[in-house]
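Trainee: Letter by letter, the chains look like this.
Number of protein chains: 2
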Amino acid sequence: MLNITRRQFLSYVGIAGGSSAIMKASVAMGMMGHDTYAGPVNVAPANKKDKQSVVILGAGIAGLATAIELEKAGYHCTILEASHRAGGRNLTVRHGDKIDEMGQPQTCRFDNQENLFFNCGPARIPGHHRRILHYCRALGVPLQVKANSCKLAYFQDDESFGGKPIRQIEYNTDARGLLSELLWKSADASTFDQLLSEEDLAKLMQFAKSYGDLSETGKYIGSERAGSTTDRMLQYPEVNTPIELKAMLNSNFWRGGLLGAEVYDWCEPLLEPVGGMDAVVKGFERHLTSKPVLGAQVKKIYNHEDGVEITYEQNGQFHTIKADYCFNNIPAYFMAGIENNFSETYQAGLNSIKRGHLFKIAYQMKERFWEKEGIYGGISYTADPIAQVWYPSHDIHANKGILLGAYTWDPKASAAFEAMTPSERLVVGAKSGEKIHPGYSKYIENGISIPWARMNHQMGCGMRMGKEDFDKYYHVLQKPEGRHFMIGDQISHHSGWQEGALASSDQALEQLNKMLNASVKTRVSTGKDAQGAQYVS
Amino acid sequence: MLNITRRQFLSYVGIAGGSSAIMKASVAMGMMGHDTYAGPVNVAPANKKDKQSVVILGAGIAGLATAIELEKAGYHCTILEASHRAGGRNLTVRHGDKIDEMGQPQTCRFDNQENLFFNCGPARIPGHHRRILHYCRALGVPLQVKANSCKLAYFQDDESFGGKPIRQIEYNTDARGLLSELLWKSADASTFDQLLSEEDLAKLMQFAKSYGDLSETGKYIGSERAGSTTDRMLQYPEVNTPIELKAMLNSNFWRGGLLGAEVYDWCEPLLEPVGGMDAVVKGFERHLTSKPVLGAQVKKIYNHEDGVEITYEQNGQFHTIKADYCFNNIPAYFMAGIENNFSETYQAGLNSIKRGHLFKIAYQMKERFWEKEGIYGGISYTADPIAQVWYPSHDIHANKGILLGAYTWDPKASAAFEAMTPSERLVVGAKSGEKIHPGYSKYIENGISIPWARMNHQMGCGMRMGKEDFDKYYHVLQKPEGRHFMIGDQISHHSGWQEGALASSDQALEQLNKMLNASVKTRVSTGKDAQGAQYVS
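Listed in order, the protein sequences are those of chains A and B. When you line the first sequence up against this note's numbering, it's residues 1 to 537, in that order. When you line the second sequence up against this note's numbering, it's residues 1 to 537, in that order.
Accuracy of the hints is not assured; some may be wrong.
For chains that are exact copies, the list does not tell them apart, and a pair is met inside one copy or across any two.
Unchecked claim - As a list, the in silico SDA-like pairs of lysine to any residue whose alpha-carbon atoms are at most 20 angstroms apart:
hint: 1; residue 1: LYS203; residue 2: ASN250
hint: 2; residue 1: LYS185; residue 2: GLY218
hint: 3; residue 1: LYS366; residue 2: SER423
hint: 4; residue 1: LYS185; residue 2: LEU201
In short, the hints are calculated from the structure, not lab data.
Chain A with its partners taken away, still in its complex shape (with noise of 0.2 angstroms):
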């Protein structure tokens, strides 16, 4: 390509072909950020002859893929983990399994059946984060359909139509029918003239009318495309009455659910491992040599010039590492309880980031109701504090199904369902399912509730930094701190994804690789060789 950077190249289409020249190439060479993605660093071979260590703290996304790829460039991990168990908020549990909540630890009450599982923290893969998907593939996690967006679902809201459910189907098909006949009405009046040529304008008003499924006439008189009042297999279909323009402006859900489909991290198709997220977490244990060191706890962590040292409590006593480098998972807001030699800038960027609040509840239901009401996936969305109803799209038509019943990231439902027990909680959100499900309660067999701020070893969800901090502070966790690395969904755009979490992972490895090319140049000279990782009891 003539030796010119792919920037170049669109700046000069640019220049010949106006912006939708730009658009054309951008396409056309795969310049669409995930179809760039080659695979995560290649970090570079660790130093053969004395083995050179890196201490990872968490276990979580981040850590472990960070362990796997400095375990593939020949170093040596030791993983601190101070929970039970490996995979941070990437959590499943099943029959019998623990919910690590502050003074209230919840046990897992579904059947015990492998099936029957609540994602706790991710639970869905969009086709573009490249980086979960190579693991995914690389690590052997079997991926299905995950049905995000089910037009059969409802959308619920006590101020929007007398608070009855609607389906999404016909609140979406009337809102572009609506939207298009007012698209026609201006361009018949000719409001556009001055914007458009004649010609034009009679292709606005075909585009509105193949839109919104507009009459010949431009009226939106309701559309086949919401389904039928009567059995339209045996007899001509018939629409339903349209909801009227002002109810339509008067209701809530443009505002939201109608979006549920348009968010590009939530386009269909989303994915999910079959039998849990958690899955993920398996393929990493199932591939590092070095096993997470359960329930340790850091209290200090020291930069030095030849390397880091890390002091952490087990069982109550405790115990300091020596590594070459490390590489910190920790939620952030857990840094200024941790004795360091960071700089105060460092320490500030540390500071500012703040702890998300999010919160699910699960109910085993005896029947898949939902299904006898075509709903085979995807979610319900409503005014009331639970915010989502998700349906499972596995196991379709077995006996009994785990429904979301709670999926809350803003922070005030999210605190008051904090300030509940979890059986309170159970009968709050039974409350709310029966707006969008009458009969709703009478399935429930049992529930289980998360609330991550409230969670031991988390504390939060999500990072959250203000603009401003972001600005101040996101660039300078990007880099290390002497020989120590911020990851996690953290240091990253996209926090509360594990996508976000595996490129923290990616950048802090590209910045090692950097290190590497000057401190081997500094070894060479000075002659002093990094120590590799021991425990010192």
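Based on the hints, put chain B in the right spot on chain A.
Mentor: Coordinates of chain B only, in the frame set by chain A:
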């Protein structure tokens, strides 16, 4: 409910509350068509003394369902099937299977793996097709989600955007954006001020802003909903340059592909039987006492006062079979060639049903290259005669996959493919595929095609009745002619779908129930019992 019918109740509500009250009430009462389904017709039990008999012509889905319901009611069923297999157009081919095309039979050369299959006929089940879903449940056919819409898949048209493939998510997001911008402009210019209050106009602008992701000043400048040109995991997202309005209007995708997820039968999520659609056929076969008589070509159908008489040819031998009733699943356009004593009107009705043309190609691809583009199922749409490319959503990350390389109902496009040899079709299909995925051809290991209008014993797919004929004859064919009941998707409002076939069986069995009430009386008065079915060689 006050002893009034539901429809009456709705009209009362309508009077009381206006049209949107009707809508709310109809949702609440479960009258949306798919909610009211309570299972197949319970056929009145057969006379126990002299086992009553039925002959079913054609082992397609309607024939198999009719047989299973009649067996349940105690009837003796004989199923005659002209071809070498049961299932009709529910046909899944795998390694070594035959596509019985007239004059040029094809053998499937896929690798011998059970998940390398090609659903030649039906391939997806919407959540509101309650009849087929009932049978999947009742017959123990495991289902999985079939991703039908993939926003990362492409639109491609030689006449639009220089023929370059466009990601659907970009086109979809930009269409919403441009539409909303126009709406905002109109609202801003108060074009609608006679229709809407000032408050509603303000809401309309907010609606447009939310729907299209407009800027604070109502401009569409691209949207993160379509992704980012930067690595959004690590950097601020930068949106793609949006399509210009004129280019959008000049493009052809809004006439077709943009509606791909809007049609009621294609609304997400769709389902498919695990391992191929013929799992439905196998499910019926497992549960039927009567096994279809294969290679049996019907030659004569005679209605008598006390039964029906069918003559068929099998291996050059003629056989005559008598039964109490006949349910006929044979494509109606074959009936002109089958001797019968039907009324002129009934025969004219049969003659009015025309052949539909469906053409498909399936390629075995040596790599699932589409997954590297973020595509995990769904459909790319093209203006080329192949019309659609479907990506499998099962066996994610496997080595190989079967790609649907053509799917068209267009009679002209199908006719062109029908005129070709099987290998010519594969070449033509590959050339079109190249426009969507450069390098497409090099992944092809082998392929197979199915032109339904050239298939022995089918010669078409999906009945096509003109509007006039429909009004004139459909109601005639919905009722029995003597003891002969016509069935199949051809006797439904929904041909080309298994649900239409099952609905035809439903209505025929309802007609039988009506007739039985009458004939029981008749029989009592004459003392004459129906003959059991018997083979007369």
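Trainee: Hint by hint, say whether it matches the structure.
Mentor: Now the hints, each set against the structure:
{"no.": "1", "hint": "LYS203 to ASN250", "verdict": "between (30 angstroms within a copy, 8 angstroms between copies)"}
{"no.": "2", "hint": "LYS185 to GLY218", "verdict": "both (7 angstroms within a copy, 19 angstroms between copies)"}
{"no.": "3", "hint": "LYS366 to SER423", "verdict": "within (18 angstroms within a copy, 53 angstroms between copies)"}
{"no.": "4", "hint": "LYS185 to LEU201", "verdict": "both (11 angstroms within a copy, 15 angstroms between copies)"}
When held up to the earlier numbered hints, the structure conflicts with none and fits them all.
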